[in-house]
Each structure stands twice: as structure tokens, then as C-alpha cells.
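Novice: One line per chain: the protein sequences are U and L, in this order.
Numbered according to the numbering used here, the first sequence spans residues -16 to 314.
Numbered according to the numbering used here, the second sequence spans residues 274 to 537.
Because the hints were derived from the structure by calculation, they are not lab data.
Any given hint could be a false lead.
What the hints assert, rightly or not - Below, in silico cross-link-like pairs of lysine-lysine (DSS-like), each with a Cα-Cα straight-line distance of 30 Å or less: (1) L:K333 x U:K123; (2) U:K82 x L:K506; (3) L:K285 x U:K77; (4) U:K237 x U:K264; (5) L:K281 x U:K77.
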Amino acid sequence: MVQNIIDVRNLSKSFDISSKEPGLKGTIKHFFKRQTKSLKVIKDISFEIQEGEIVGFLGANGAGKTTILKMLCGLIYPSEGSIMVSGYLPFMRKENFLKNITLIMGQKQQLIWDLPPIESFYLNASIYDLDKFEAKRRIKKLSEMLEIDKELFIPVRKLSLGQRMKSELLAALIHEPNILFLDEPTLGLDINAQRNLRKFLKKYNKETNATICLTSHYMKDITSLCKRVICVHEGTVSYDGKLDLLLKKLSPVKEILIVCRSEEDAIKLENYGFNVKNKIKNEITIKIENNSITSSLKTILNNFDIEDLFINEPPIDEIIGRVLIKKDYEI
Amino acid sequence: MNLRKYLKVYKKFLHTSLASELEYKTNILIDLITAILSLIGSIFLLSIFFQNNGYIGGWKFEEALIIQGIYTVLNGITNTWFNPNLTEIVKHIREGTLDFVLLKPIDSQFFISLKKINPSGFLEIMLGFCLLFFCVRINQINLNLSFLTLSLITISCSICILYSLWFFISTTTIWFVKTWNAIEVLRSFLYIGRFPLNSFSFSLRIFFSIFIPIAFITTIPSEVFLGVSQLWKILLEVIVATVFLKTSRKFWLFALKFYSSASS
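Looking at chain U on its own, in the form it has when it is part of the complex (with noise of 0.2 Å):
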């Protein structure tokens, strides 16, 4: 049986948050009486999360991601409700649950800047307690994996921003860690190096059946990783279950653009009955709902002379960015 490795219950955080008016006369108010008032980032939300899985937080600039991750490793405090990982609360940051977590952020570093790669490994390996020769063995397994075994021994300041997110990586996991917090890993990586790293998440977790939590922006990383995605709309979950399930509900039709043989059958196709969206000449295009695509394009084939189909799928990033703005989802 499958165990749940975070339990999060009715979470909420509140952040004291000043403000100031514009202007010189603003300024000089906010540096005598500074007008400061609590703000509730995260409201009110539960989730569990099984070993093993990877899931995708979803949300706007601001929607809360980061805060819930920083709060599940233990970062920042939450302020009501209950959280446990891997059977340790967090905020306690117990050695043995650290030996257990990891977090990548995309946009922060933690490898020493002036010495390459290699160095910061060995010293991450004596804060984990390893002996050098596990070390060596875990860094040349992950370096391989990472396909980083060249870059080891350039100094970080010299490595392209792909190779630097891979050493980071290869930082990160050294202790092995059974659950990963990964705040948008792929931030401003080529699509290449995206791949890559997207190819090594999936591996690390198929081999290790790591638990995997991930915020990202680039919608490539959630829908080739994540089964499931929790959709955080202003500090609230607006969806938690299966991706396929919230695109389905999302976009139920697709367009099918034919290309008939002759303008007198694509007239004779927009009189057929279908939902039309539009016809230029021999070319018309008609939407229909996902459950009826087969026996509607069976239809199509055996009774017009079609010269080309074409189904298209709206942008995954266009079905996402109304999840985004919207506050439910019920499936």
C-alpha cells in the first residue's frame, strides 16, 4: 500500500506586509509611521501527497507556490493548521528529516562561485556525513546521469547557466534525499538543457521512487512530469487531481481542419450537421467533443473525399493560464 509522505491540513500563512504611498511625502510617512498589515498568503488549504508521486503546484505570480514549498520543507512557519513529511513536522528541521529533503531553486545558488563544482560536492558530502569514498561514488553515479563528468573540475563562474542548474542538482541530491522541493528548476534554461533536466527528474524518480514537488512556469516540465497538479489561486487550491482530467475539463473540444478534394464537397460537409467554425473555400474547419472524435472522423472518411485532416489541440499553455486566473475547478 502506497503511503501518504506529506499530510497537509487547513494551512494557512499570514505575512505582515507594509505598504507606501508614492512620492516624497509617502516616503518620509513610511519612514516615521510605517502602515503595515497582515496579509493572508496561504488560506485554509489540505493536501496529501504519496511516496513516489510527482506533482505539479500550478499557480500565477504570487499565488502561493513558493510559500507552501518553503513551508513543507521547513523554511518558514506556518501560521494555523498541521503539516507532516515524511512523518516529521517540518519547522522542527530534525536532522534526520533534512538528511531526507532537498530544495532546488532555479533562481538561487548555493555552489561556492570561484572553485569548480567538485569542491562544493565534498564539502555538501562531509555536511551529510558521508565517507569520501560513498561520496566519490555517489558524484560519479550522478555526474553521469547529469552527463556533467567533464564540467567537474571548471570553476562555477566559467559554466554555461544549463551546466551551473546541473551541478546545483548534483549538490542537491548527494544525500540521496527521498522527497525533492524543486522551486522552478528550469528557470531561464535552453530547451535543451529543459530536456535534459526534465529526462533526469523523470529517471531519478523512477530509480530512486523519490517523491517529487514542483513549481514551475514552463508548462513542458509539469505535463511531461506530472500525473497530478495542485492549482493554488490566491493562496487557496482551486484544483488538486489528475492533469489529463483538468485539460479534458478544460478544452472538452478539438478542431479538425479538412481539406476537402473539391469546394462542392466541403459545401456539403458544412451542411452535414457538424458544429462549423468556419469554411474557406475547399477548407473547412469543424469542432468536436473529445468523446465523439473517432465515430465523427469515421464518419468524415467514408463519406467525403477529404484530401488532408489536421486535429489541432489549443496551446496547453493557453488551457493553464485560464486555470490561473480562475478560482474552482470541480471535476
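Chain U is already provided as a structure; the job is to place chain L on it using the hints.
Specialist: Frame of chain U; chain L shown alone:
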């Protein structure tokens, strides 16, 4: 606490920070020249103060040199460990990289206090000890076990007080974010430690003993060197150092509860 692990980690800290610093040879050379010039300048300044009057606050020039020697050792320690590490706390908090420190299975105070090292500070420490050895000779101090033990205790206490004060100010960054100025003020007060406490007025002596305990940092170890310190003063320094160290530790753990991390 696993002492073996902490020693192993500290060895790595030493290795990585020395390797980082040695990447920039010219910078180290400039730092070394600065340390030598700074010591010469300080002794010259001190000699000017003693030119007209042979005594300041009851101290002869040769005796006041002991204070300068202790100050140089402490300044060397500050430049070797405190400056590169404790000023970094402000950066860690502003940029949110403290996250990486807090998620390591190691004491966060140990990590942020000792991770870096500035090797050019070693020269200052050595110069300070050379000056102290010179003072032992010119003041005809008898080097015996009790003298060495008491000197070691009082200098260690001075290091603890200095570290705690600096660490305390750096910790307030968790609330105030920028505290560079407070650290600069502390450094300015430390310059005062180059002069005997008796050379100041009564009110300033109280201020530098109670509020900013500069008196404990240089004057008491110097009195030990001269064999004129009273036992109660040494005990008081030990108590003050213990209280400061414990308070700074508790304050750090308390402050971490308010750490909100930087936004991504």
C-alpha cells in the same frame, strides 16, 4: 553534537575558503600590505599620544603597546573569521540564500559563522602575537604557566564577547534587513579598544564596560599581561563572555522563527 563530523566539515570549510581566496593572489597581497601598514600607523598614533606625557590613564607607552598587541590579534581574528562570515549573514537574509543553510543537517550558527576564512587576517594575528612577545620582553614579564593560562582565558573571552556582539547585530537583519551601519558603529567602537580604559572619563568607562563591553575585550587581558589584574575582573570577564555567547545563541534561534525567506 557529533564532534568528528563538525571537525571534518570545518576542515572542508578551511580548504574551500582558502582555495577561493587563493584564486585572487593580488587581493591577498594588498590585504597583507594593508595589515602591516595599519599596525605601523596604529603604533605611530599611539606614540604621538605619549609624546608629551609619559603616561595615559596610568599606563606607560610600553604597557599600552600590550593593548595594541591584543587589539591587533583580535582585529586579525575579526578579519579572518568575523568579517567574511558575519557580514555575509546580511546577504544571506536579503537574498534568501539562508534557505540552503537552514536545510542542511548541521548547526546553522556554526555554518554561517565559520564557513569562510580570509587568510590575510592570519598575518595580522601573527603580527599581534609578535608585538605581544616584544611587550613581554620590554616589560620584563615573567612567562609562567599561570600567566599563560590566564592570558589564554581572557583573550578567548574577548573573542567570545566580540563575536557575540557582532553576531547579535547581524541577527537583527532578520527583522531590519539592512544593518551594515550598526556593524560599522561596532567596528568604530572597537578602535577605542586600542587605548587603556582609564584614559577615558568615568561616564565613558561605565558606558564601555556595561553597554558596549570594549573594556573587557582589550583592557582586562592587558592587565593580566602586566600582572595587575584582580581575580574578580577575570571572573567577571568569563561571566560576561558566557552570558553574551549564550544570549547570542538564544537570540539567533528566536530570530529564525521570524525568518520569512526572500521571495522567488
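Novice: Next, verify each hint and record whether it holds.
Specialist: Structure-based check of each hint:
1. L:K333 x U:K123: Given pair L:K333, U:K123 is violated - Cα atoms ~64 Å apart, limit 30 Å.
2. U:K82 x L:K506: violated, 46 Å
3. L:K285 x U:K77: holds, 23 Å
4. U:K237 x U:K264: Answer holds: U:K237 to U:K264 is near 21 Å, not above 30 Å.
5. L:K281 x U:K77: Cα-Cα ~21 Å, so holds.
Of the numbered hints listed earlier, those contradicted by the structure are 1, 2.
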